[in-house]
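**Student:** The lines below spell out each chain.
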Amino acid sequence: MRQYETDSGARKAVFSPVDNRARVDAVVHRLGDAIELGLLADGEQLPGETELAGQLGVSTVTLREALMALRQRGLVTTRRGRGGGSFVSLPEVPADDRLRARLRGWSTEELRDLGDHWAALSGAAARLAAQRTAPEDLDPLRRTAEELARAADAPARSRLYGRFHVELAAAAQSARLTREQVALQSEVGALMCLVLADDACREEVAECHRAVISAVQDGAHETAGTLAERCVRESAARLVAVRLSL
Amino acid sequence: MGVSPGLATLDTETETWVASQVGGALEAVFETVAATRADTEALLDRVTARGRPPASADLAALRPGLHQRLRLEDLVSGVGFVAAPGLLTDVPAWLEWWQSAADGDVRPLLLDLDPGHSAYSDYTHWDWFALPRDTGRRAVAGPYVDYLCSDEYSLTLSEPVLIQGRFAGVAAADVYLRHFEAAVLPLLRRLSRPAHLVNARGRVAASADPAHLAGSLTRGPDFGGLLTGTAPGAYDGLRLVPCHGVPLVLVLAG
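Chains H and V are the protein sequences, given in the same order.
Residues in the first sequence are numbered consecutively from 1, following the UniProt record's numbering.
Residues in the second sequence are numbered consecutively from 1, following the UniProt record's numbering.
Just chain V, with the same shape it has in the complex (with noise of 0.2 angstroms):
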């Protein structure tokens, strides 16, 4: 009642296109994820063509790679490669990890890996490491407090590493939440309706609706489905849009 078919249809033209827009902001982030598994299978195949087993020195590397682009994707606050444990001969573990700090400065994380010593020292069950592991596909972990190495509220973008087939590990960029934010808030104010972002477990990644902060679990919905296919969905008067080629939804207050 009072609105026009023309002006429904304006709607959902707007709100496909940011989810478009949103799943592109991602995309770039990918992009540095997938730039970074190349350099990564490349060298891994190169030390294991000249017949050794690869070591953490190796991975050395990739650090102008890594370097460069946390100086050119704006979003990106940390990015490097998780070895599989196992994979490396000096070492039981480790990340190849650089993050930008708040001086602009790109420094190396330090973690220290030992079970004797820290209660922090398996990684493996974090999601942004089993995900990619267990599906064989890339994956956003989060949004979570990173306490192994931001101690930030972030997204974690991360693809599977092999080497002749078999899982090496995992490249991944880290996204702190307040820089996703500020990057995708113009787009959901765009929207007639009070709008926020979920992940596949509904947890808010970003909002413009008060009633809905992130870091809430927005409950009800099957994201998780709704994310395995394209088409918008609805659920007691929301409206559900995938983002395309993310697994995030946008939400819509009815």
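So that you can see chain H by itself, here it is in the shape it has in the complex (with noise of 0.2 angstroms):
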């Protein structure tokens, strides 16, 4: 009983309503994120309401809110009656001006976090992945590093750069960690972009993977922790220096 009443503020706290604005956002960003990446493409047709509604585990009306949103941004737009439907739209304006929109989004301390997040995370990921890696185990995260630093648009530099940090989590054969990191993944990727269509932010990046590859495979636990963690850490700093000069 005495139990209930000391704790009372945070059982109030886990059976208040889950907050609806942060739902809407978790729609805004990821579809707008796939919109960015050109997941989605320019003029495809959304699927109808109730069933977007049903994949992405929200109701119609969080739902609703988030498409306001993305018409709002001008990434989507909504036509009625017969053939009607929300169809993507990317704006005029060009990519990078889009994105810097985005990130404008976010504050310094959000980026801090999520930095932190992904640093924990990849950390983590690269110290299990050390004590568990067999020589074959290694081979995709290679490639990976491979075609990094030879990808030629910012884009597809991203998604290598998610990928990296997605097969790490998986090497630390941890199917908690790949989601988390793939969650992640899906929220900072189309930002990412931002910093990655620097050639000598690409090449810093992709030196850094290679070292910790090298760390990973010599079973240097704690090298390759904290080289992940500092290849995280740069990039967020670099996202955090874009943001302050918007």
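Derived by calculation from the structure, the hints in this document are not laboratory data.
Cβ coordinates follow ideal geometry from the N, Cα and C atoms, glycine included.
Check each hint, because a few of them may be wrong.
[Claimed, not checked] Partial list, derived from the structure: chain H residues whose beta carbon lies under 7 angstroms from chain V:
hint, residue
1, S107
2, R132
3, A134
4, L138
5, R159
6, L160
7, R163
8, R179
9, A183
Each chain sits in its own coordinate frame; assemble them with the hints.
**Tutor:** Shown next, in the form of structure tokens:
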């Protein structure tokens, strides 16, 4: 009984309604990223509201609010009547400008926290991978590092950068870390285009990835973890620097 | 000392029995894979006999069989045919892949296989595809984190599908590791010594030994070499028993 009293504040938080705003934002981020990354093509029709809400696991009310926000940003248009529905529409402004507008939606504190979460995931994954990796398990990571070194455009670099971290989590033999990393990359992927367009940054990242692979291969788990964290922190710092220049 | 030859023989018999039971559990999954391969080869033969190359829509004919196998074989959570790139006329790559959902429903896997969109569009490097293609034989891939299809820690059993002797893709089935563990743990617990199962690379696939948990590596023995034969081996006090017919080794602590 006393336990309940002391913890009443925390308990109240547990049973309070799940923040609808957070869900709307999550849907806006998800669909917005997909459009920015070209996963959804210009002019493509989105599934119907009920179906889309079901697929995303949110209520139709939440989905409508999210579509409204996407319309306001010019990423979605809605046509009524026969042949109507919601369509992806890429505004005429260059992709970089739209991404900068997206980044403006993040505070530096949120970016710092995102970097912390990411560093925790990738650092832990690198440490475990160093303990659990057979030589053959490193082939995917090597391939990704090589492809990243050759990738020409920013979206391709960003996809490969994300894949490296997902593969690192898989090399740790952890389905949970991998799922977390996939979710995190779906948030951060589009933003990383802003920093990876720069060849010097791409080179620095590629160098860092090669160092992580070597440490994992040598079974040097502390070094691998520290290197992976540093790699992520440098990327997050670059994002913060771009954010502060806006 | 203190162990009579009779008991030692009994131990050896139990070990051999457990190894063969583990092999039998995966053999049932391989039957599912073989049925999918046979269906796919018959279908592709029928289509090509009509004088046209196969298209993705042709593979819809596989669905009743795939759905039935998902429902009948408890260990199997995903099953299907993965086409070799270039096999089908209308798409560069294709997975006719079905999964059982937590609610018991059967659902198709829909992947973005456009390399311009997805960093995961090239599936030809995964062991479950590359091993049957390169060796011409059936294979067990994993344990590995399957972030392409299921997000689960899994084993994937696969075998090559051939049209007129040429590689056309793989038939495969996914076994989630937690289901595999549930199937083999009662067997491992019958043994008098702490035991675990490893793949050819020494990766632990299931364990009744807290010192060797699933996903970790057992380093030292040449498990791949041991699996080329059927005779048990030993390494630094460990006893190593190959599981008949499947690339797993039963490891017993000293």
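**Student:** Work down the list of hints and note, for each, if the structure agrees.
**Tutor:** Hint check results:
1. S107: Given a least distance of 28 angstroms, the restraint on S107/H is violated.
2. R132: 6 angstroms, holds
3. A134: OK, holds: A134/H within 7 angstroms of chain V, min 4 angstroms.
4. L138: Interface hint status for L138/H: violated (12 angstroms vs cutoff 7 angstroms).
5. R159: The hint holds - R159/H has a Cβ within 7 angstroms of chain V, the shortest such distance being about 4 angstroms.
6. L160: 6 angstroms, holds
7. R163: Cβ of R163/H sits 4 angstroms from chain V, so the hint holds.
8. R179: At 5 angstroms from the nearest chain V Cβ, R179/H passes the 7 angstroms test, so the hint holds.
9. A183: With a minimum Cβ separation of about 10 angstroms from chain V (threshold 7 angstroms), the hint on A183/H is violated.
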